[in-house]
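Student: Build out the structure end to end from the sequences listed, making use of the hints.
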Amino acid sequence: MSDFVSLAKCMFKESIRNKGTMFFTLIFPMIFLIIFGSVFSGGSVGDVQIDVGVVCSENIRESLKTLKGPWNLIFYESESDMDENRKDLDALVWISGESVRILKKPRDMSNMGYLNSFEMSLKILLEKKLNGVKDIVVVRERKIHAGGMDIRPFDYLLAGVIAISILSSGMFGVITLFSHYRELGVLRRFKVSPVRKISFVLGLSFSKFILSLLAAFIMIGVSIFIFHGKYSMNLFLFIVTIISSTLGMMALGIILSLSFKSPTAANNVASIILTIMLFFSGVYFPITFLPPKLRILSFFMPARYVADAVRYTLGLQSMSALNFWLINTVFLITGSILLWVASEISLKPES
Amino acid sequence: MKKILRFSLYLFLNDYIRDFSGSFWIFFFPLILYLILTSIFGGIAEGENVTFRIGVVYEEKSTAFEKMVSHLKGEKVFDIREYRKVDEALKQLKESKLDVVIFVDKNFDSSFTKAILLAKTKMKLTVPIDIYYVPERTESSMAKDVVKSILKTMEVEIWRSFGNFKDVKVESSLEEKTKKFNMAHYYFPAIVMMTIMSIGFFSIPYSIAEKRERKSTRRLLVSPFGSGEFILSVILNNFLALLISLTLLFSMGMLFYRVPKVILSSQFILQIILGMLIYSMIGLMIVSLVKRISTISIISNSLFQAMMFLGNFYFNVLNMSWGIRWFVYINPATYILDKLRGTMGYNSYLSNHLLVPFAWLVLSILIVTLNFKRVMGVE
Numbered sequence: 001m002s003d004f005v006s007l008a009k010c011m012f013k014e015s016i017r018n019k020g021t022m023f024f025t026l027i028f029p030m031i032f033l034i035i036f037g038s039v040f041s042g043g044s045v046g047d048v049q050i051d052v053g054v055v056c057s058e059n060i061r062e063s064l065k066t067l068k069g070p071w072n073l074i075f076y077e078s079e080s081d082m083d084e085n086r087k088d089l090d091a092l093v094w095i096s097g098e099s100v101r102i103l104k105k106p107r108d109m110s111n112m113g114y115l116n117s118f119e120m121s122l123k124i125l126l127e128k129k130l131n132g133v134k135d136i137v138v139v140r141e142r143k144i145h146a147g148g149m150d151i152r153p154f155d156y157l158l159a160g161v162i163a164i165s166i167l168s169s170g171m172f173g174v175i176t177l178f179s180h181y182r183e184l185g186v187l188r189r190f191k192v193s194p195v196r197k198i199s200f201v202l203g204l205s206f207s208k209f210i211l212s213l214l215a216a217f218i219m220i221g222v223s224i225f226i227f228h229g230k231y232s233m234n235l236f237l238f239i240v241t242i243i244s245s246t247l248g249m250m251a252l253g254i255i256l257s258l259s260f261k262s263p264t265a266a267n268n269v270a271s272i273i274l275t276i277m278l279f280f281s282g283v284y285f286p287i288t289f290l291p292p293k294l295r296i297l298s299f300f301m302p303a304r305y306v307a308d309a310v311r312y313t314l315g316l317q318s319m320s321a322l323n324f325w326l327i328n329t330v331f332l333i334t335g336s337i338l339l340w341v342a343s344e345i346s347l348k349p350e351s
Numbered sequence: 001m002k003k004i005l006r007f008s009l010y011l012f013l014n015d016y017i018r019d020f021s022g023s024f025w026i027f028f029f030p031l032i033l034y035l036i037l038t039s040i041f042g043g044i045a046e047g048e049n050v051t052f053r054i055g056v057v058y059e060e061k062s063t064a065f066e067k068m069v070s071h072l073k074g075e076k077v078f079d080i081r082e083y084r085k086v087d088e089a090l091k092q093l094k095e096s097k098l099d100v101v102i103f104v105d106k107n108f109d110s111s112f113t114k115a116i117l118l119a120k121t122k123m124k125l126t127v128p129i130d131i132y133y134v135p136e137r138t139e140s141s142m143a144k145d146v147v148k149s150i151l152k153t154m155e156v157e158i159w160r161s162f163g164n165f166k167d168v169k170v171e172s173s174l175e176e177k178t179k180k181f182n183m184a185h186y187y188f189p190a191i192v193m194m195t196i197m198s199i200g201f202f203s204i205p206y207s208i209a210e211k212r213e214r215k216s217t218r219r220l221l222v223s224p225f226g227s228g229e230f231i232l233s234v235i236l237n238n239f240l241a242l243l244i245s246l247t248l249l250f251s252m253g254m255l256f257y258r259v260p261k262v263i264l265s266s267q268f269i270l271q272i273i274l275g276m277l278i279y280s281m282i283g284l285m286i287v288s289l290v291k292r293i294s295t296i297s298i299i300s301n302s303l304f305q306a307m308m309f310l311g312n313f314y315f316n317v318l319n320m321s322w323g324i325r326w327f328v329y330i331n332p333a334t335y336i337l338d339k340l341r342g343t344m345g346y347n348s349y350l351s352n353h354l355l356v357p358f359a360w361l362v363l364s365i366l367i368v369t370l371n372f373k374r375v376m377g378v379e
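The listed protein sequences correspond, in order, to chains S and Y. For reference, each letter of the first sequence is one residue, going 1 to 351 in the numbering used here. For reference, each letter of the second sequence is one residue, going 1 to 379 in the numbering used here.
Hints are supplied without guarantee of correctness; some may be wrong.
[Unchecked claim] Which residues of chain S face chain Y? A few of them, derived with a C-beta cut under 10 angstroms, are:
{"no.": "1", "residue": "L125"}
{"no.": "2", "residue": "R140"}
{"no.": "3", "residue": "L157"}
{"no.": "4", "residue": "P194"}
{"no.": "5", "residue": "N268"}
{"no.": "6", "residue": "A321"}
Because the hints were derived from the structure by calculation, they are not lab data. All values reported here derive from a predicted model rather than from experimental measurement. We put the beta carbon where it would ideally sit given N, CA and C, even for glycine.
Tutor: Structure follows, in C-alpha cells:
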C-alpha cells in the first residue's frame, strides 16, 4: 500500500511539474472549449444571417416578411439597384408574377443548405399566396429536452468536448509519461527495484485520474462562468465515467507506447486515432450526417460512448442505467486488462 | 549559394527523411485530413449522406397519413419507423435513437377529410400534427424543419389536385464562378493553408530550437557558414518540404476530386508563397522570443489551433461575437485563405487581403532582426 501511495504522489508531482503535460491536460482542451464555445454558443442558427436581395411587387413584399429562417431579406426597387449591391448578398431573387429567378452565391457549406431551404420555402409561400391555399395541416412544434433541462446546443456540444479532452489527456498523457520514463531510464530502474507491478500501474492510473478530474472540473467551471452552461451533474456517476474512460484511454496510450519504439511514432498514431475520433464520434458532427459506410466506424469509437456517458452524467441526455453501466464496465475491464498486460511487458526483467 | 543549397538538402534529409514524424505531419497528415473532410462533408451540401430517423406514432391506424409518408419510405434520406405508443417513441428520441417524432392523432383521418372538404368553402378547419424534437441536437432541429417543409409541400400538392392550380416556376442557378458547389474543392485551400501553418509553427521553430539546444547553432557561428546562411537554409529546406507536400496534395485533389486547374495559376501559387513567407517569419519570431522547446511547443500549438479554427477554415467564424471576432480579423490565415478561395471562384468575405498579412510579415521581420542573436542562441 505504501509503495502505491508513494508512487502515486511522485507521479502526480512529476506531472504537475512538467509544463508540457500540464498544458496538454489542462490548457489545450480549454483552448478548444473557448474556440468551439465562441463559435457555437449562438446556437445552430443563432447568429447566422443569410442576406437575400429581392426585387418584387409591393404586395408580395408583405408576404415574404412572414418567411421564418435566418434570412435577412433586403428589398430593392429595381434590378439595377440590387446589382449595385450584389457583392454583399448571398442570393439575388427576382419575383415577377408566377416566375421566380434565384441566383445563389454560396460562401460555405451552411450557406448552401440555408439557400436551398430558402428556395423551397419561397416556392411554397408564393404558390400558397397565388392560389389562395388555406392551411389544412397545422404543425405544432414540441420541444423535448433529453435530460429534462432546457439547454442550448452549445451545452450539448460542450459535454462532447469534455469527453474528447478526457480521452486525449488519458492517451497522450501516458504516451508522454512513458516516453519520458523510458528516456530517463526510470522504467529500467523500476525493474530492478522491489516495486510491485500492480503498485506501479495503480500509482500511474491514480495520478492520471486526479489530473483528468481536475481538467474536467476546470472545463465545466469555465463553461459555466464564461458561457453560462447549464448542468445538473450526478457527481458520483460523473467520477465513475471519468475513471473508467481515463483508464480505457490510458491503456490504449500504453499499448501505443509499447508498440512503437519511437515516442514520436506513438504520438503520431495517437494523433491519427484522435483526429478520426474527433470527426467520427458524433461530438462535432452528427453521426447521421456521415456517409452510411463511415457510420459503422463510429460504433468503434470510444469517444462516442464516453460523450454519451458524460452527457448523461451532466443531465443533458437520457440513457438507460443498463447502457450506462455497460459502457463503464467495458471501459473498466478492457482498461484494467490492457494496463495489466502493459505492466507485465514494460516491467518484464531483461534477459 | 551552393553551400546554402547543400546545407538545405542536408537539413531536409535530417528533418523530413530520417525523422518519420517530420515527414508524417507535412507529407501524409494533410492527405489523411483531406480524405476525412471530403468523406464527411462531401455529401452534406447536396444532402446525399444525411439520414433523418423519423418516428411516426399512430394513435390509431391512419390511412391518410400513411399514404402521405408512403413515398418518403423509399427515400434514402429518411429512415421511418412506426410506433403505437408515444412514450416509446419519445424515449427513443431522448436516447438519440430518433431525430424527430411525428404524433398522428386518432381522429386524424376524419379531421383531415373534413378539412379538405371545407377547404374549398369559406369555412376553415385545420388538423394539428405534433412534431417532437430535441432542440439541443442539430440533427433533430434540422429533421424538424425538413419534416415541416414536407408537410407544407404536401398541403400544396393537395390543393394542386383540386385543379386550376397556378404553379410558380423557380429558375434557380448558381453564380457563374461557382457553378457547382463542391466541398472537396472548397476545403482544398484550407488544407493547403494548414500545411503551410504546420511548417511555420512546428517544422521551422523546432528545427532551429533543437539545434540551438544541442549548441549546433553556436558552432555554426564560428564556422565559415554564417547565421544568415543558416536561417536561409532552414527556410529553403522547408520550402522544399512544402513543395513536395503540395505536389502530393495537388495530385490527390486534381486526380481524385477534380479540383479545378486554377490552383496551378500564378495568382494561387503567389498566395501560397506569400503565406509560406509570412508563416516562416512567424516561426522565426517564436524561436527568437522563446528559449525552450517545451515553451515553443505550447505557444506553437496554441497559435496553430487558434489561427486554424478562427480562420474560416472549416466553418464560418465571421458572425461570432466581437469578444473573439477581433482575432479572426487580425489572423493572417483568414485573409490568405479568403484570397485562395476567391481565386478558385468562391465569394470572398473580405476586401483588403494584403494589409494584415503584410503587417504580420513586417512585425515578425522586425522582431526577428532585433532578437537575431537569440535565434542563434547567443545572448
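Student: With reference to the structure, classify each hint as holding or not holding.
Tutor: Hints, verified against the model:
The interface hint given for S:L125 holds, since its Cβ lies 9 angstroms from the closest Cβ of chain Y, which is under the 10 angstroms cut-off. Interface hint status for S:R140: upheld, as the beta-carbon distance to the closest one in chain Y is roughly 5 angstroms, under 10 angstroms. With a least beta-carbon distance of about 9 angstroms to chain Y, the hint placing S:L157 at the interface is held under the 10 angstroms criterion. Restraint check, S:P194 versus chain Y: the minimum CB separation of about 33 angstroms is more than 10 angstroms; hint violated.
With 10 angstroms as the threshold, the beta carbon of S:N268 comes within range of chain Y, its nearest partner Cβ sitting at about 5 angstroms, so the hint holds. The criterion of a C-beta within 10 angstroms of any C-beta in chain Y is not met by S:A321, whose closest approach is roughly 12 angstroms, and the hint is violated.
Violation of the numbered hints given earlier is confined to hints 4 and 6; the remaining hints are satisfied by the structure.
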